[in-house]
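**Q** Below, each chain spelled out in residue letters.
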Amino acid sequence: MPSCRRSAAAELSIAVRLAETAFDPAAELAAFAEAHRAAGGIASFIGQVRAGDDVEALELIGYAPLTLPGIEALAASACARWTLAGLLIVHRVGMLAPGEPIVLVAAAARHRREAFAAADFTMDHLKSDAWLWKREKRAGVWRWVEPRSEDRADLARWG
Amino acid sequence: MARLVWLGKLADLAGAAETDLDGTLDWDGLLARLPAPLAAEVASDRVRVALNGVVLADKAQLRASAGDEVAFLPPVSGG
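Line by line, the protein sequences are chains Z and P.
Here my numbering runs 161 ahead of the position in the first sequence, where the first position is 1.
Here my numbering runs 1242 ahead of the position in the second sequence, where the first position is 1.
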């Protein structure tokens, strides 16, 4: 597990997990909030497979030697940049159905701005930097999703 | 025998998620042994290469032999 700058008041915890089956963001967030009752605020983001689009299924594929270590390094860099009490990243791999959660990021901090910024930074890097490949099934046909220029632009915001 | 691992759309081009190749491979030798469309994609600047879990700064310096795992990493599309 990556090390992290500790805020003076509390133990810092980083939890990073690749989930091979569906997870419950509400339950994850409740446990995270319980573990960080001393934090003044928690900012979170949930990404999910769009429903009502014509996407029938989505598959996320990682490469074990790189994917989890890379996301752990990302978590460590978020923690080095802001003073956090905790950071949680849960990312799905495998086959997903419309409406299912893909990713949960939650950052707990003494002050809200650090929590918002750390969650935002982490999501932008997960979109463009994590070793994950995504394909979508539309009208029975699988297609690999190409990186979007907007995602590269979002990443550039962080210098 | 070195194991080649194809990620993302490269697996479609290779027709498999993994390919085993005999002998010692350098970059040019590897490209010569791949089907032309796959070799062209692998040679493009968009594709990075990892040897035994470490991403190479310069894939042209690749040297792989028996027991090595070489992964081919096209642009990611996560989140």
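Fair warning: there could be bad hints in the mix.
As the list claims (entries may be wrong) - Coverage of chain P stretches by chain Z, computed from C-beta distances (three or more under 8 Å per stretch; other residues unrestricted):
| # | region |
| --- | --- |
| 1 | 1264 to 1272 |
| 2 | 1276 to 1284 |
| 3 | 1297 to 1306 |
As the list claims (entries may be wrong) - To give an idea of the chain Z side of the interface with chain P (calculated C-beta under 8 Å), a few residues:
| # | residue |
| --- | --- |
| 4 | 195 |
| 5 | 216 |
| 6 | 218 |
| 7 | 222 |
| 8 | 305 |
| 9 | 318 |
| 10 | 319 |
Calculated directly from the structure, the hints in this document are not laboratory data.
All C-beta atoms in this analysis are idealised placements derived from N, C-alpha and C, irrespective of residue type, glycine included.
**Q** Identify every previously stated hint that the structure contradicts and give their numbers, smallest first.
**A** Hints 1, 2, 3, 4, 5, 6, 9, 10 contradicted; others consistent.
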